[in-house]
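Here are the chains, one letter per residue:
2 protein chains.
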Amino acid sequence: MKLGIIFGGLSYEHEISIVSAIAVKDVIKNHNLSFIFLDENRDFYLIPNDKMKSKLFSSGDYKKCEKIDIDKNGFFTKGGFFSKEKRVDIEIVVSTMHGGDGEDGILSSLLDFYNIPFMAPRTEACVVSSNKYLTKSYASECGVKTIDFRYFTKNDKVKVDKYPCIVKPVKLGSSIGVSVVNDEKELDYACDVAFEFDDAIIIEPFIPGVKEYNLAGCKVNGEFQFSIIEEPQKGDFLDFDKKYLDFARTSTAQKALVEDKIDAKLKQAFEKIYNTIFEGSLIRCDFFVVNDEVYLNEINSIPGSLANYLFEDFNKTFDGLLNSLPTKKKVPISYEYVNKIHANKGK
Amino acid sequence: MKLGIIFGGLSYEHEISIVSAIAVKDVIKNHNLSFIFLDENRDFYLIPNDKMKSKLFSSGDYKKCEKIDIDKNGFFTKGGFFSKEKRVDIEIVVSTMHGGDGEDGILSSLLDFYNIPFMAPRTEACVVSSNKYLTKSYASECGVKTIDFRYFTKNDKVKVDKYPCIVKPVKLGSSIGVSVVNDEKELDYACDVAFEFDDAIIIEPFIPGVKEYNLAGCKVNGEFQFSIIEEPQKGDFLDFDKKYLDFARTSTAQKALVEDKIDAKLKQAFEKIYNTIFEGSLIRCDFFVVNDEVYLNEINSIPGSLANYLFEDFNKTFDGLLNSLPTKKKVPISYEYVNKIHANKGK
Numbered sequence: 178m179k180l181g182i183i184f185g186g187l188s189y190e191h192e193i194s195i196v197s198a199i200a201v202k203d204v205i206k207n208h209n210l211s212f213i214f215l216d217e218n219r220d221f222y223l224i225p226n227d228k229m230k231s232k233l234f235s236s237g238d239y240k241k242c243e244k245i246d247i248d249k250n251g252f253f254t255k256g257g258f259f260s261k262e263k264r265v266d267i268e269i270v271v272s273t274m275h276g277g278d279g280e281d282g283i284l285s286s287l288l289d290f291y292n293i294p295f296m297a298p299r300t301e302a303c304v305v306s307s308n309k310y311l312t313k314s315y316a317s318e319c320g321v322k323t324i325d326f327r328y329f330t331k332n333d334k335v336k337v338d339k340y341p342c343i344v345k346p347v348k349l350g351s352s353i354g355v356s357v358v359n360d361e362k363e364l365d366y367a368c369d370v371a372f373e374f375d376d377a378i379i380i381e382p383f384i385p386g387v388k389e390y391n392l393a394g395c396k397v398n399g400e401f402q403f404s405i406i407e408e409p410q411k412g413d414f415l416d417f418d419k420k421y422l423d424f425a426r427t428s429t430a431q432k433a434l435v436e437d438k439i440d441a442k443l444k445q446a447f448e449k450i451y452n453t454i455f456e457g458s459l460i461r462c463d464f465f466v467v468n469d470e471v472y473l474n475e476i477n478s479i480p481g482s483l484a485n486y487l488f489e490d491f492n493k494t495f496d497g498l499l500n501s502l503p504t505k506k507k508v509p510i511s512y513e514y515v516n517k518i519h520a521n522k523g524k
Numbered sequence: 178m179k180l181g182i183i184f185g186g187l188s189y190e191h192e193i194s195i196v197s198a199i200a201v202k203d204v205i206k207n208h209n210l211s212f213i214f215l216d217e218n219r220d221f222y223l224i225p226n227d228k229m230k231s232k233l234f235s236s237g238d239y240k241k242c243e244k245i246d247i248d249k250n251g252f253f254t255k256g257g258f259f260s261k262e263k264r265v266d267i268e269i270v271v272s273t274m275h276g277g278d279g280e281d282g283i284l285s286s287l288l289d290f291y292n293i294p295f296m297a298p299r300t301e302a303c304v305v306s307s308n309k310y311l312t313k314s315y316a317s318e319c320g321v322k323t324i325d326f327r328y329f330t331k332n333d334k335v336k337v338d339k340y341p342c343i344v345k346p347v348k349l350g351s352s353i354g355v356s357v358v359n360d361e362k363e364l365d366y367a368c369d370v371a372f373e374f375d376d377a378i379i380i381e382p383f384i385p386g387v388k389e390y391n392l393a394g395c396k397v398n399g400e401f402q403f404s405i406i407e408e409p410q411k412g413d414f415l416d417f418d419k420k421y422l423d424f425a426r427t428s429t430a431q432k433a434l435v436e437d438k439i440d441a442k443l444k445q446a447f448e449k450i451y452n453t454i455f456e457g458s459l460i461r462c463d464f465f466v467v468n469d470e471v472y473l474n475e476i477n478s479i480p481g482s483l484a485n486y487l488f489e490d491f492n493k494t495f496d497g498l499l500n501s502l503p504t505k506k507k508v509p510i511s512y513e514y515v516n517k518i519h520a521n522k523g524k
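Taken in order, these protein sequences are the chains called H and D. For the record, in the first sequence the residue sitting at position 171 is 348 according to my numbering, with numbers rising by one throughout. For the record, in the second sequence the residue sitting at position 163 is 340 according to my numbering, with numbers rising by one throughout.
Careful: at least some of the hints might be erroneous.
As the list makes no split between identical chains, a pair holds if one copy fits it or if it spans any two.
Unchecked claim - Only pairs whose alpha carbons sit at most 27 angstroms apart, straight line, appear in this in silico BS3-like list of lysine-lysine:
1) K506 - K240
2) K507 - K241
3) K240 - K336
4) K331 - K507
5) K322 - K336
6) K202 - K517
7) K263 - K249
8) K339 - K507
9) K244 - K255
10) K232 - K206
11) K442 - K388
12) K449 - K322
13) K261 - K230
14) K228 - K331
15) K255 - K179
16) K438 - K322
17) K240 - K261
18) K230 - K438
19) K249 - K261
20) K507 - K442
21) K507 - K240
22) K493 - K449
23) K240 - K449
24) K507 - K244
25) K263 - K228
26) K179 - K263
27) K244 - K261
28) K388 - K263
29) K255 - K240
Derived by calculation from the structure, the hints in this document are not laboratory data. From a predicted model like this one, the values you see are computed outputs, not experimental measurements.
Kindly produce the complete structure, drawing on both the sequences and the hints.
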């Protein structure tokens, strides 16, 4: 198939999205790939495969590549005085646009609006997973536990009952703006950092040494396909510097040693979260396990390098998902009620 | 100010959105209005003010109006061989696009992406309010009660413990696809109807004669401004035929007789729901009151005719909101980590 990998975006995760797209380039085996870059000015560029190196972007040289437009049914090269605009030959768009523009639902809405098939969470799923407050309320409704938390907006008086705690901007991923706070003295600074990135924050108890497990998967023709479960390597907590390396990972991760009952509980929680709003996307759920209870930490709705490194046969799952993307219901437009108003008014 | 009222959309509420835009035309007093229609083919048209009659749309005659494109910073007339494309002179877009495309976050994402200022719920707020499952989980997290419910997707076996109950598609507004079910015999048909519109449904107990109150409002410069509280007129339950008339309403509603403590509880619940994700929008919350307890029934994130008929001075609130729309944080794009990878790799 002809796939368009879309990446970049106006977001704090702009550059890790680039790293992720580059990683994915070497991982996807059975398809013809094109690369579509969204720059900070919200211009789209078609990047030739052999130019897909991070320096192209950091140097600004991508601007020498062909600028394209999004429109109905696809992306189009710009016509000139002597040339007609041409549709870029892509059947399905695959998103590795992490963070804003990608994971917040903006891009999915665009693709949806312009009727372009895509592998990525739909707008709803993006919103639920990119806002930690909404993730927690959604998880709780689905019957999946999350760590207790408090929510504060910019004008609130921040109050913490117990230290250590962890302060997070409500919307960013990849640990951006996240701090572990050991005592009251450190709280103000941590909140200032988090509020620099967002107008709202959440504060959770920090559980040193908590067991953390990552599990990726998706639904292929109505059946779940799971990755292995990984226990991510971490220091005190996974900061951005360490975490962003996931975006460049292409070699298979090591399977965590997990008891069967925990394995089953993790998969059950994943299914509850995924079902049904994440259809069309390959997601990674990061869980905590405390006293044999599973807690959802976060949903990565577009995980770094599509979490390829967690799958024993990534291409099988990826190809399966490509073939079972959700379709939209046809909405009939009628003027029944307008006509009724006319009739009632005698017009 | 120069406002662009946007309406239509590919949705079941296409035509009531038209009715709503026409109503709003006569209600907004202090601004120059333009009208932007989105048709079922997702083409935008600029409709001259004197052509804003529902027949223009039901007859298809709107196609004779000027087609425009959405692009960076606004809408543009198409250039021809002898004419240059021109930006339509609009400062702020105001949405009366109910249902799909409008209330599901698609349009808000587009306006956001193309950097066009707008009065309407942002993408997140749309998602939370257009999906009843997410509304309930969000409300519960905010500390606002909702009626107990069960959620079913297409392949589930639907089971109901108690009749009468009410069956609703999870995503549609304006009572589309909603049925009251009196006994088991009626259940299958009601579910079929609801599933015709959506892949998921919710079923709630139906409380005959329950007290229902509607309250609209928004935040202007950090302060809430509320409408009067109305007790909507209804039969057994508010069906689409009766409800859609709200979309054409322009005369002030009658204030409900509500005890002070209930009045306060309704406003408190509204504030919890609105705060802070609905900033930039004027919404209407529909509540039930059972034994002096307030339950959120639904959030109309783009209420029919902007709920103008609920306000004693609609233009004052509307103008206030226009002047306190949320602004987006500037996101700096850096290549710090890409450069770090290069350094680590020695490249």
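How the hints compare with the structure:
1. Taking identical chains as interchangeable, the C-alpha atoms of K506 and K240 lie at most 27 angstroms apart only when they sit on different chains, with a minimum of 25 angstroms there against 38 angstroms within one chain.
2. Proximity of K507 and K241 under a CA criterion of 27 angstroms is satisfied inter-copy only: 25 angstroms between copies versus 40 angstroms inside one chain copy.
3. In this assembly of identical chains, K240 and K336 lie within 27 angstroms of each other by CA distance neither inside one copy nor across copies; the values are 47 angstroms within and 58 angstroms between.
4. Taking the closest pair of Cα atoms, K331 and K507 come within 27 angstroms of each other only across two copies (17 angstroms); inside a single copy the shortest separation is 42 angstroms, beyond that limit.
5. Taking the shortest alpha-carbon separations for K322 and K336, both the intra-copy value of 23 angstroms and the inter-copy value of 25 angstroms come in at or below 27 angstroms.
6. Taking the closest pair of Cα atoms, K202 and K517 come within 27 angstroms of each other only across two copies (21 angstroms); inside a single copy the shortest separation is 56 angstroms, beyond that limit.
7. In the homo-oligomer, the alpha carbons of K263 and K249 lie at most 27 angstroms apart both inside one protomer (12 angstroms) and across protomers (21 angstroms), since each shortest distance falls under that limit.
8. Proximity of K339 to K507 under the C-alpha cut-off of 27 angstroms is found in neither arrangement, the shortest distances being 52 angstroms within a copy and 33 angstroms between copies.
9. Proximity of K244 and K255 under a CA criterion of 27 angstroms is satisfied in both settings, with 7 angstroms inside one chain copy and 20 angstroms between copies.
10. Taking the closest pair of Cα atoms, K232 and K206 come within 27 angstroms of each other only inside a single copy of the chain (24 angstroms); across copies the shortest separation is 54 angstroms, beyond that limit.
11. In this assembly of identical chains, the alpha carbons of K442 and K388 lie at most 27 angstroms apart only when taken from the same copy (14 angstroms versus 42 angstroms across copies).
12. In the homo-oligomer, the alpha carbons of K449 and K322 lie at most 27 angstroms apart both inside one protomer (11 angstroms) and across protomers (23 angstroms), since each shortest distance falls under that limit.
13. Within a single copy, K261 and K230 get their C-alpha atoms no closer than 30 angstroms, and across copies no closer than 38 angstroms, so neither meets the 27 angstroms cut-off.
14. Proximity of K228 to K331 under the C-alpha cut-off of 27 angstroms is found in neither arrangement, the shortest distances being 43 angstroms within a copy and 46 angstroms between copies.
15. Taking the shortest alpha-carbon separations for K255 and K179, only the intra-copy value of 20 angstroms comes in at or below 27 angstroms, while the best inter-copy value is 31 angstroms.
16. When the C-alpha separation of K438 and K322 is checked against a cutoff of 27 angstroms, the pair qualifies only within one copy, where the shortest distance is 17 angstroms, while the shortest distance between copies is 35 angstroms.
17. Proximity of K240 and K261 under a CA criterion of 27 angstroms is satisfied in both settings, with 21 angstroms inside one chain copy and 25 angstroms between copies.
18. Taking the shortest Cα distances, K230 and K438 never come within 27 angstroms of each other, neither inside one copy (43 angstroms) nor across copies (64 angstroms).
19. For a Cα distance limit of 27 angstroms, the shortest separation of K249 from K261 qualifies both inside one copy, at 16 angstroms, and across copies, at 22 angstroms.
20. When the C-alpha separation of K507 and K442 is checked against a cutoff of 27 angstroms, the pair qualifies neither within a copy, at 37 angstroms, nor between copies, at 41 angstroms.
21. For the identical chains of this complex, K507 and K240 are inter-copy neighbours only, at 22 angstroms across copies versus 39 angstroms inside a copy, given an alpha-carbon limit of 27 angstroms.
22. With identical chains, the CA atoms of K493 and K449 are at most 27 angstroms apart within one copy only, with a shortest distance of 23 angstroms there and 46 angstroms across copies.
23. Proximity of K240 and K449 under a CA criterion of 27 angstroms is satisfied in neither setting, with 43 angstroms inside one chain copy and 46 angstroms between copies.
24. For the identical chains of this complex, K507 and K244 are inter-copy neighbours only, at 24 angstroms across copies versus 32 angstroms inside a copy, given an alpha-carbon limit of 27 angstroms.
25. In the homo-oligomer, the alpha carbons of K263 and K228 lie at most 27 angstroms apart inside one protomer (21 angstroms), although the nearest pairing across protomers, at 36 angstroms, exceeds that limit.
26. When the C-alpha separation of K179 and K263 is checked against a cutoff of 27 angstroms, the pair qualifies only within one copy, where the shortest distance is 16 angstroms, while the shortest distance between copies is 36 angstroms.
27. For a Cα distance limit of 27 angstroms, the shortest separation of K244 from K261 qualifies both inside one copy, at 14 angstroms, and across copies, at 20 angstroms.
28. For the identical chains of this complex, K388 and K263 are neighbours neither inside a copy (52 angstroms) nor across copies (58 angstroms), given an alpha-carbon limit of 27 angstroms.
29. Taking the shortest alpha-carbon separations for K255 and K240, both the intra-copy value of 14 angstroms and the inter-copy value of 26 angstroms come in at or below 27 angstroms.
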